[in-house]
Amino acid sequence: DTGVSQDPRHKITKRGQNVTFRCDPISEHNRLYWYRQTLGQGPEFLTYFQNEAQLEKSRLLSDRFSAERPKGSFSTLEIQRTEQGDSAMYLCASSPLAGDIPGTDTQYFGPGTRLTVL
Amino acid sequence: AQSVTQPDIHITVSEGASLELRCNYSYGATPYLFWYVQSPGQGLQLLLKYFSGDTLVQGIKGFEAEFKRSQSSFNLRKPSVHWSDAAEYFCAVGAGGTSYGKLTFGQGTILTVHP
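So the sequence lines, in the order shown, correspond to chains A and B.
Quick note: the first sequence uses this note's numbering, first residue 1, plus one each step.
Quick note: the second sequence uses this note's numbering, first residue 1, plus one each step.
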């Protein structure tokens with residue numbers, strides 16, 4: 001079990017450019033989550049997938065953000081026309097299907113992708 | 001909507017001293033509560049979680065937390081802190097219903113350990 005991996009670990013881009021991040025969850029984890037963490041704050045939920053279905057999106061996820069999980073394995077998060085306010089750490093987490101009580105499953109987090117928009 | 005408050009942004013303790021990190025939550029139903037630790041360059045790691053049963057839960061690395069419904073609190077404790085415990089700690093509440101899996105985090109408490 002190699003854990004959740006994210007690529008790249010760091011991304012510096014100019015305002016207005018598009019960026020794409022990749023997340024590889026733990027093998028056989030059905031659920032995959034994206035969070036955003038800005039300096040001095042806790043992670044904020046963006047969206048999550050169960051297999052390939054995107055089940056919930058936060059209002060934080062503007063039209064410039066899109067996430068996919070095409071085959072129920074890895075996921076990508078794309079930000080179009082980046083803005084300086086998009087600078088943050090983007091975290092991915094995965095979890096297995098819950099046991100008896102949905103919502104109590106442990107989310108395993110990757111190391112994150114730090115985005116800097118100049 | 002659920003929310004989490006961690007009143008202490010930064011706590012400093014001496015190695016070997018006891019530790020208590022505070023967490024207050026707001027949630028309409030029975031909360032699912034979590035404590036995560038984040039070290040520089042590392043991903044968030046789960047320390048412990050509570051969803052039912054005994055209100056005192058034991059976690060990894062010698063941590064424990066107590067759920068107190070009357071105070072809407074889920075404070076994290078450790079009887080003797082080690083230098084390696086220096087990190088940032090996050091309390092989180094999980095949603096139920098159709099939003100299960102979504103975690104709402106507090107803003108975190110940075111722990112500094114003096115030798």
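Worth flagging that the hints you see were computed from the coordinates, not collected in a lab.
Every residue, glycine too, gets a C-beta built ideally from N, C-alpha and C.
Any given hint could turn out to be false.
To be verified - Sample of chain B residues facing chain A (criterion: CB under 8 Å; computed from the structure): (1) I11; (2) R22; (3) Y25; (4) Y27; (5) G43; (6) G53; (7) K61; (8) F90; (9) G101.
Claimed, not checked - Computed Cβ-Cβ distance ranges for the label pairs, DEER-style: (10) A/T38 <-> B/S70: 47 to 55 Å; (11) B/L46 <-> A/T116: 22 to 30 Å; (12) B/P115 <-> A/S5: 18 to 26 Å; (13) A/S5 <-> B/S18: 35 to 43 Å; (14) B/S3 <-> A/L55: 37 to 45 Å; (15) A/E28 <-> B/S39: 42 to 50 Å; (16) A/T13 <-> B/S70: 19 to 27 Å; (17) A/N18 <-> B/H114: 44 to 52 Å; (18) A/Q41 <-> B/L46: 30 to 38 Å; (19) B/H114 <-> A/T2: 30 to 38 Å; (20) B/A1 <-> A/R114: 24 to 32 Å; (21) A/T38 <-> B/K61: 22 to 30 Å.
As the list claims (entries may be wrong) - Computed list of lysine to aspartate or glutamate pairs in DMTMM-like fashion (alpha-carbon distance at most 25 Å, straight line): (22) A/K11 <-> B/E88; (23) A/K14 <-> A/E52; (24) B/K49 <-> A/E78.
Quick rundown of the hints versus the structure:
| no. | hint | in the structure |
| --- | --- | --- |
| 1 | I11 | violated (15 Å) |
| 2 | R22 | violated (14 Å) |
| 3 | Y25 | violated (13 Å) |
| 4 | Y27 | violated (11 Å) |
| 5 | G43 | holds (4 Å) |
| 6 | G53 | violated (11 Å) |
| 7 | K61 | violated (15 Å) |
| 8 | F90 | holds (5 Å) |
| 9 | G101 | holds (6 Å) |
| 10 | A/T38 <-> B/S70: 47 to 55 Å | violated (33 Å) |
| 11 | B/L46 <-> A/T116: 22 to 30 Å | holds (28 Å) |
| 12 | B/P115 <-> A/S5: 18 to 26 Å | violated (35 Å) |
| 13 | A/S5 <-> B/S18: 35 to 43 Å | holds (37 Å) |
| 14 | B/S3 <-> A/L55: 37 to 45 Å | violated (22 Å) |
| 15 | A/E28 <-> B/S39: 42 to 50 Å | violated (27 Å) |
| 16 | A/T13 <-> B/S70: 19 to 27 Å | violated (49 Å) |
| 17 | A/N18 <-> B/H114: 44 to 52 Å | holds (46 Å) |
| 18 | A/Q41 <-> B/L46: 30 to 38 Å | violated (19 Å) |
| 19 | B/H114 <-> A/T2: 30 to 38 Å | holds (36 Å) |
| 20 | B/A1 <-> A/R114: 24 to 32 Å | holds (28 Å) |
| 21 | A/T38 <-> B/K61: 22 to 30 Å | holds (27 Å) |
| 22 | A/K11 <-> B/E88 | holds (23 Å) |
| 23 | A/K14 <-> A/E52 | violated (31 Å) |
| 24 | B/K49 <-> A/E78 | violated (32 Å) |
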